[in-house]
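Please model the complete structure; the sequences and the hints are all you need to start from.
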Amino acid sequence: MTAALALGDDALVLSHRLGEWAGHAPVLEEEVALANIALDLLGQARLLLSLVGDEDELAYLREERAFRNIQLVEQPNGDFAHTIARQLYFSVHQQGLYEQLAAGDGRFAGIAAKAVKEVAYHRDHAEQWTLRLGDGTDESHQRMQRAVDALWRFTGELFQPVEGVDVDWQALHSRWLETVTDVLGRATLTVPTGPQSGAWTAGAGRQGIHTESFGRMLAEMQHLHRSHPGASW
Amino acid sequence: MAAGTASQTAQATAGSAEGPEAALQAAFDAAVAADERIEPRDWMPDAYRASLVRQMAQHAHSEIIGMQPEANWITRAPSLRRKAILMAKVQDEAGHGLYLYSAAETLGTGREELLDKLHAGRQRYSSIFNYPTLTWADVGAIGWLVDGAAITNQVPLCRCSYGPYARAMVRICKEESFHQRQGYELLLALSNGTPAQHEMAQDAVNRWWWPSLMMFGPPDDASAHSAQSMAWKIKRHSNDELRQRFVDICVPQAEALGLSLPDPDIRWNEERGRHDFGAIDWTEFQEVLKGNGPCNEQRLDQRRRAHEEGAWVREAAAVYARKHTSGAGPAVPNGKATA
Amino acid sequence: MSSSTDWPLWEVFVRSRRGLSHTHAGSLHAPDAEMALRNARDLYTRRSEGVSLWVVPSDRITASSPDEKDSFFEPAGDKPYRHPTFYEIPDGVKHL
Numbered sequence: 000m001t002a003a004l005a006l007g008d009d010a011l012v013l014s015h016r017l018g019e020w021a022g023h024a025p026v027l028e029e030e031v032a033l034a035n036i037a038l039d040l041l042g043q044a045r046l047l048l049s050l051v052g053d054e055d056e057l058a059y060l061r062e063e064r065a066f067r068n069i070q071l072v073e074q075p076n077g078d079f080a081h082t083i084a085r086q087l088y089f090s091v092h093q094q095g096l097y098e099q100l101a102a103g104d105g106r107f108a109g110i111a112a113k114a115v116k117e118v119a120y121h122r123d124h125a126e127q128w129t130l131r132l133g134d135g136t137d138e139s140h141q142r143m144q145r146a147v148d149a150l151w152r153f154t155g156e157l158f159q160p161v162e163g164v165d166v167d168w169q170a171l172h173s174r175w176l177e178t179v180t181d182v183l184g185r186a187t188l189t190v191p192t193g194p195q196s197g198a199w200t201a202g203a204g205r206q207g208i209h210t211e212s213f214g215r216m217l218a219e220m221q222h223l224h225r226s227h228p229g230a231s232w
Numbered sequence: 000m001a002a003g004t005a006s007q008t009a010q011a012t013a014g015s016a017e018g019p020e021a022a023l024q025a026a027f028d029a030a031v032a033a034d035e036r037i038e039p040r041d042w043m044p045d046a047y048r049a050s051l052v053r054q055m056a057q058h059a060h061s062e063i064i065g066m067q068p069e070a071n072w073i074t075r076a077p078s079l080r081r082k083a084i085l086m087a088k089v090q091d092e093a094g095h096g097l098y099l100y101s102a103a104e105t106l107g108t109g110r111e112e113l114l115d116k117l118h119a120g121r122q123r124y125s126s127i128f129n130y131p132t133l134t135w136a137d138v139g140a141i142g143w144l145v146d147g148a149a150i151t152n153q154v155p156l157c158r159c160s161y162g163p164y165a166r167a168m169v170r171i172c173k174e175e176s177f178h179q180r181q182g183y184e185l186l187l188a189l190s191n192g193t194p195a196q197h198e199m200a201q202d203a204v205n206r207w208w209w210p211s212l213m214m215f216g217p218p219d220d221a222s223a224h225s226a227q228s229m230a231w232k233i234k235r236h237s238n239d240e241l242r243q244r245f246v247d248i249c250v251p252q253a254e255a256l257g258l259s260l261p262d263p264d265i266r267w268n269e270e271r272g273r274h275d276f277g278a279i280d281w282t283e284f285q286e287v288l289k290g291n292g293p294c295n296e297q298r299l300d301q302r303r304r305a306h307e308e309g310a311w312v313r314e315a316a317a318v319y320a321r322k323h324t325s326g327a328g329p330a331v332p333n334g335k336a337t338a
Numbered sequence: 000m001s002s003s004t005d006w007p008l009w010e011v012f013v014r015s016r017r018g019l020s021h022t023h024a025g026s027l028h029a030p031d032a033e034m035a036l037r038n039a040r041d042l043y044t045r046r047s048e049g050v051s052l053w054v055v056p057s058d059r060i061t062a063s064s065p066d067e068k069d070s071f072f073e074p075a076g077d078k079p080y081r082h083p084t085f086y087e088i089p090d091g092v093k094h095l
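Listed in order, the protein sequences are those of chains A, B and C.
In terms of numbering that gives the first Met the number 0, the first sequence opens at residue 0 and continues consecutively.
In terms of numbering that gives the first Met the number 0, the second sequence opens at residue 0 and continues consecutively.
In terms of numbering that gives the first Met the number 0, the third sequence opens at residue 0 and continues consecutively.
Incorrect hints may appear among the rest.
Keeping only pairs whose Cα atoms sit at most 30 Å apart, straight-line, the calculated DSBU-like set for lysine-lysine is [stated by the list, open to error]:
id, chain 1, residue 1, chain 2, residue 2
1, B, Lys116, B, Lys289
2, B, Lys289, B, Lys232
3, B, Lys173, A, Lys116
4, C, Lys78, C, Lys68
5, B, Lys173, B, Lys232
6, B, Lys116, B, Lys232
7, C, Lys68, B, Lys232
8, B, Lys173, B, Lys116
9, A, Lys113, B, Lys173
Derived, one-sided and incomplete: chain A residues facing chain B with beta-carbon distance under 10 Å [claimed, not checked]:
id, residue
10, Ala58
11, Glu62
12, Glu138
Between beta-carbon pairs, the in silico distance windows are [stated by the list, open to error]:
id, chain 1, residue 1, chain 2, residue 2, range
13, C, Gly91, B, Ala33, 38 to 44 Å
14, A, Ile208, B, Leu288, 51 to 57 Å
15, B, Asp300, A, Gly109, 44 to 50 Å
16, C, Ala62, B, Pro218, 23 to 29 Å
17, B, Asp280, A, Asp53, 52 to 58 Å
18, C, Phe72, A, Thr187, 51 to 57 Å
19, A, Gly207, B, Pro263, 54 to 60 Å
20, A, Asp53, B, Cys172, 32 to 38 Å
21, A, Pro194, B, Cys172, 52 to 58 Å
Because the hints were derived from the structure by calculation, they are not lab data.
A virtual CB, placed ideally from N, CA and C, is assigned to each residue, including glycine.
This is the structure in C-alpha cells:
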C-alpha cells in the first residue's frame, strides 16, 4: 500500500511538473520530448495508484501531508538545466529500481517490466542533455553545475528503503552514484560533495513532509476537481 | 491587395525571360490543371511560392500558438485520464507545428526565420487563439468546435497542389481525428453531469461558436487571397462553402450534446437543403486580427519569452555538436529540405 | 536571432514494420546526429509508426534536378519489354 503510493506519487508529481513545460520549452522538438516523458510517467502513476484505490480520489483528494513522493520530484522546474538535473537524478534511480523490480516476482514486477523501457529512454534523454549543457557554452556549463549542486541534497531520499519495495537499496545507491559520476564527468561537471539530504529530522517526502512549493502545486492541480464534489469528468 | 502585388511580380518575372519562362509557366499550369503535385525543386511562379510560404507559416504558427490556450488547463485537468489526453493533444500541436515548418522549409525559408517573423508580429497565426480559455469546458469547446472547423478546413488541404504541404496535412489530419472526438466527449460528460457542469459547457459553447465560424475567414467576396489560391489548387473550396458545411455538421451534433448554439437564426432551409444561420460580426473579427483581441499580446509574449529563454539551451547544443562531431554533420546551419 | 542557435535540418526515414523499407517521413532540426535520432523517435514514432529510424543531414542528399527529368526518366518510358505484361503467353500455361 505505502509502496505503491510512494512509487505512484513520484511518477504523478514529476509528470505534473514536466507538464508545466507545455508551451514553454526551449525548442519545439523538446516540447514533444518532455511531453513524452510526462505521459510515460503519468501512465505509470495511474497503474500504481490503481493498485491502492481510485486513481482520481488519490490524486485529487489527498492533502499535502498524505503524499508519499520524494521531495526531489516536486522541486519546481527552474530553468531547463534544473529540469534536466532533476530528471537525470530521478531517472537513473528509477531505472535501477525498476530493473530490480522487473527481475523479481513481487507485485510490481509487471508494471516495472513495462516501465523500465520507458525509463531507460528518460535516462538517456537526461544524459544527452546533461552532456550538451555541461560541455556546451560557459553559460550552459554554469547553469548546469548550479542545478546539479542545488538538487544534490534531495538525492539521499532516493535510497531510503520503502516498505514493501523489495530491492537491494545499498546496491541501488552505489550503482546510482557510479552512473551519475560517470555522466557528470563526461559532461565536464563536478560531482557535488555536500550531504545528500537536508538537516531536518522531521522526515522527508516519504513521511509526508514536503517543500513549500508542493502545496501550491497541489492547490492548482486539485482545485477544479475539488470544486465539484462527486462530479464525473 | 497582396494577391495583386504578387501577380505583378509574376508578370514582371515572366516578362524578363519571355521564352523559357513562358514554357515553364505553361508546364506548371498544366501540372496544376491535371491535379499533379508540385514538388520543391520544380519551377513555380514566385507568387505561388510566396503564397504557399505565407499560408504554411501561418498554419505552423497557429499550431504552436494554439498550444497555449489548452496548455493553460493541463495543470488543472480534473481527472488523470483527461490530463493524459490533454497533454497528448497539446504535444500533437507541437508536432504539427514541426511538420508544417518542415514543409515550409522545402521552399527555402528556415524555421528560425519564420519564428522571427512571428515574434516580430510580421506573420500571423489564426485569430481564434487570441480568445481566452476561461473554464475547463473551453478545452472541450476547442476540441469540438475549433478543431472541428480546422478539420473542415484542412481535409481539402490533403489534396493541395504543393506536395510537401499536402503530405504534412495527411499526417496531421490522421492524428487530429482524436482531437475533435476528445473535445466532444469532454463536453458530453459535462452536459450530462451536474447542473454546474452543464452550465459550464453551455457557456463555453456560447463563447466559442462565433469565433469558430470566423475561422473560415472573411466572406468570399471580401477574401484577399481566395480566388488565386483556388486557381492554384492550394485551396479547394471557398470560405463560405466550408463555413456552411461546418454549420450543417454542428447543428445535429449540438442536439446530441444537449447544448444549444447561440444563434437564434439557425434553422433548416428545406429549399437549399442546408441550415440558414445568423450574420457574423465581422467587426470583431477585424479587431482581433488587428491585435485587439483579448489575448494577442499575452500569446505573443509567452512565445517570445520561451524562445528567448531557450536561446542558451539551443546554443549550448549547437556548440557541443561542433566540439564533438568531426565533419560528420552538415556544414551549413540551415540546409534546405529536399523532400 | 543569432545563427549560433540554429540547428541543422535532418531528413527522417522510418521503417514501419520489419520487412519493409525505410520510407521518408519528414524532417526536423537537431544539433547533431544523436539528438536527431532521438527527436525523430519522439516526433515520428509516437503512435508506434516505426521499428527503425534513419536520419540524414538534409544538405547531404544529392537530388536529381527537375530540369533533367526528361533525360533522366523519359528514356525508360518506351521500353515496355522490361515488364512481364509485354509478353503474350498461350492460355492455360501456368506458373510463368
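Tested hints:
1. Annotation: proposed proximity of lysine 116/B to lysine 289/B holds, straight-line Cα distance about 16 Å (limit 30 Å).
2. With a C-alpha separation of about 28 Å, the suggested pairing of lysine 289/B with lysine 232/B holds against the 30 Å cut-off.
3. For the hint pairing lysine 173/B with lysine 116/A, the CA-to-CA distance comes to about 27 Å; that is within 30 Å, so the pair holds.
4. Taking the CA atoms of lysine 78/C and lysine 68/C, the gap is near 17 Å; set against the 30 Å cutoff, the hint holds.
5. Distance hint between lysine 173/B and lysine 232/B is fulfilled; the C-alpha atoms sit about 21 Å from each other, no more than 30 Å.
6. A distance of roughly 26 Å separates the Cα atoms of lysine 116/B and lysine 232/B; the hinted pair therefore holds under the 30 Å criterion.
7. Taking the CA atoms of lysine 68/C and lysine 232/B, the gap is about 24 Å. The hint holds against a cut of 30 Å.
8. Taking the CA atoms of lysine 173/B and lysine 116/B, the gap is near 29 Å; set against the 30 Å cutoff, the hint holds.
9. Proposed proximity of lysine 113/A and lysine 173/B is supported: the alpha carbons are some 27 Å apart, at most 30 Å.
10. Satisfaction of the interface hint for alanine 58/A is found here, the shortest Cβ-Cβ separation to chain B being roughly 6 Å, below the 10 Å cut-off.
11. Interface hint at glutamate 62/A: violated, since its Cβ lies 18 Å from the closest Cβ of chain B, which is beyond the 10 Å cut-off.
12. Interface hint at glutamate 138/A: satisfied, since its Cβ lies 5 Å from the closest Cβ of chain B, which is below the 10 Å cut-off.
13. Here the CB-CB span from glycine 91/C to alanine 33/B is close to 41 Å, well matched to the stated 38 to 44 Å.
14. At roughly 52 Å, the beta carbons of isoleucine 208/A and leucine 288/B sit within the given window of 51 to 57 Å.
15. Taking the beta carbon of each, aspartate 300/B and glycine 109/A are about 46 Å apart, inside 44 to 50 Å as hinted.
16. A hinted range of 23 to 29 Å is violated for the C-beta pair alanine 62/C and proline 218/B, which are about 42 Å apart.
17. For the pair aspartate 280/B and aspartate 53/A, the beta carbons lie near 46 Å from each other, so the given range of 52 to 58 Å is not met.
18. Between phenylalanine 72/C and threonine 187/A the beta carbon distance is about 52 Å. The supplied range of 51 to 57 Å therefore holds.
19. Evaluation of the 54 to 60 Å hint for glycine 207/A and proline 263/B yields a pass: the beta carbon distance comes to about 55 Å.
20. The hinted window of 32 to 38 Å between aspartate 53/A and cysteine 172/B holds, with their beta carbons roughly 36 Å apart.
21. Taking 52 to 58 Å as the suggested C-beta distance range, the pair proline 194/A and cysteine 172/B conforms, at roughly 55 Å.
Violated hints, in rising order: 11, 16, 17; the structure is consistent with all others.
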